[in-house]
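*Asks:* Going down the list, the protein sequences come from chains A and B.
Its first residue numbered 45, the first sequence is counted upward by one per residue in the working numbering.
Its first residue numbered 2, the second sequence is counted upward by one per residue in the working numbering.
Residues from chain B shown here face chain A by an in silico Cβ test under 8 Å; the list is partial: (1) 13; (2) 21; (3) 27; (4) 28; (5) 31; (6) 41; (7) 42; (8) 47.
Here are the simulated distance ranges between beta carbons: (9) 160(A) x 12(B): 37 to 47 Å; (10) 140(A) x 132(B): 46 to 56 Å; (11) 111(A) x 166(B): 23 to 33 Å; (12) 148(B) x 200(A): 48 to 58 Å; (13) 75(B) x 175(A): 50 to 60 Å; (14) 93(A) x 147(B): 38 to 48 Å.
Short, incomplete list of chain B residues facing chain A, as computed with Cβ under 10 Å: (15) 17; (16) 20; (17) 32; (18) 35; (19) 36; (20) 38; (21) 45; (22) 46; (23) 48; (24) 72; (25) 74; (26) 178; (27) 179.
Think of the hints as simulated: they come from the structure by calculation, not from any bench.
The C-beta atom is built at its ideal place from N, Cα and C for all residues, glycine as well.
The primary structure of each chain is shown beneath.
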Amino acid sequence: MAPSKDILDEKPVKIDKWDSGALKNALDDGAKKVLLDIMGFKESHKLMNGRLFLCTVAIGFAMFALLWDYLYPFPQSRNVLLCCVISYFVLMGILTFYLTYVERGIFLVALEQDKARMEPDNKWTLQSSLRKYDDTYHLTVSFTDGKTQAERSTTISRCVANFFDDNGTFRFDLFQPVVRKLKEDLSSEKKMN
Amino acid sequence: MGSFDFLDEVRRMNGRQLYYQVLNFGMIVSSALMIWKGLMVVTGSESPIVVVLSGSMEPAFHRGDLLLLTNHREEPIRVGEIVVFKIEGRDIPIVHRVLKVHEKENGTVRFLTKGDNNSVDDRGLYAKGQLWLEKKDVVGRAKAFLPYAGIVTILMNDYPKFKYAILAFLGLFVLTHRE
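Just chain B, same shape as in the assembly:
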C-alpha cells in the first residue's frame, strides 16, 4: 500500500475533478504550444527559436546558444547574415553564415553558406548535386541570441533517457496533484 499513497488523492476525485485534472495537464501543454505557434506567426519562421548544436560557428555561437529567428518574406537575404536552413535528407537544420548571393530580376535568390569555424564552404553538406540554397530552404535568420540558454536541450539530446525521465515525472506530478 505504502508506495501508492500518492494515488490516494486521485482515488478521492470524482469524474469531473478527474477530467479537470486531465484538462489542467492539457492546458500546460497547450499554452506552450500556443506560445510557440504565436511566435511562428509573429516571426514568420516555422521554428522561431533554435539551439546551436555544433561548434561550427565559433566564436560567434557556441554549443547551447539559443537563437531567435525571423523569416519575413520582404526582407532580402544579404551576405554576412546568419541563416538557419534545412537540407533534404537531414533532420536537423544548420546555422551558418551567407557567403555569396545571386539575385535575379524575377526575384529568385540563390546563395552559398559557410560555417565561421569551418575551413571550406557548405557544398559538401548540401544534398547530393546541390550547389546553392534557395529561399524555400531557409528556416529563418538569426536576429538575437542568448548565450548557453539552450544547454538543457543539448543535455536532453545527448541523454534521451534523462529527457523521458523528466517528462514522465512532470506529467505524473501534474496529473496526481489537485490544482
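Pulled out of the complex, with its shape left as it was, chain A reads as follows:
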C-alpha cells in the first residue's frame, strides 16, 4: 500500500520537549501511524478495551455507592457501601495487575491480514518505554506468525533527540524509517526461516 499523501502533509506534532510523557506519546503515535496508516494493518483494540472495561466497572461501583448513600442515608446504607468499597479497591488491584503484567507498555496490537484471507492474521505488537529523566526511548516490535504461532521480537533504543528538533517538533520523517527498518528486519527474518 502506498503511503497516502495526506499522512505526510499533516500538521507536524509539536510538544513540550521537556515533558517525558508527551515525548513518549508523540513517539508512540508516530510508530502507530507507520503500522496502521502507512502499512495498512488493522488495529486490535482488545487490550485497551479490557482496561476501559475495568475502569468503567470500578467507577460504576463508586457512582452506585454515591447514589445508594444519597437514597438511604448512612447507617442504613452501611452494608452496600462496604461491598462497593471492597469491590472498588479489588478492581483497582486488578487494574494495576493488568497494567503491569498484561498490558506492560504495549500500546499497539496490529493485525496483518493475509491478502487471500486464507490464513490467520499475523500479529504485530508494539511496546515502548521511556523512563522519566532518561532520554532513551526503547521500542520493541514483536511479530507472531498467524499460522505457526512462532514469535520473534527486536528492540531498539534511541535517544529521543534524534526525532525531535530544537523547538520540540516531532520529525516523523526521521522516525518513520527507523520503525520501518525494524519491521522489515523482522519480516525478512521470517522469510529466511
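Using the hints, position chain B against chain A.
*Replies:* Only chain B this time, still in chain A's reference frame:
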C-alpha cells in the same frame, strides 16, 4: 492559535483515549470518594473527618484542626467527651464537650454540651425549644486530632473563588494531559 496549544494533545487522541482520559479523571474522584465511604463504614460516622471552624473549643482545639471521629453504636456517651453534633436548621455541625448526661434503662440518652471557650452552655445554639441532644444528633466523637492540618479547608471556605479556581485548574490539567 498560540494560547490553545495545550489542547493539541487532546486533539490528537482517538475516541478510546478520550474516554480513558475521562475515566482517569473519574478514577481520581472515585478513589477519594471510596476512601471516604470506606472510612465511614470503619468508623461508623457519617462524616469521619471534620475540620474545626470556630475557636469555641480553645485551648483544646483551634481553628483549622483536623479531627478524626468514630461513632460506634455500642460505645456510651460520657461526660467530658468531645462530640460533633448536628442541629436542625444549621448546615455546619458543632464540635463541643459533653457537660451532662441522662441515661434511661430503655437505652435513650439525653445530654447537654458546652464549648470550652464559651461562658454558657449550648442551649442557646440548639433548635428553638430544644433542651437536650439525643443519640440521633451525634455525628461522631473526637478520637484523634491533627493540629492545623485542615487550614486549607478554612481558606477555601473563606475564599470560595480560590476553591473553584483550584478545582477548575486541577480538572483541566488531568483532562488535557495524557497519562
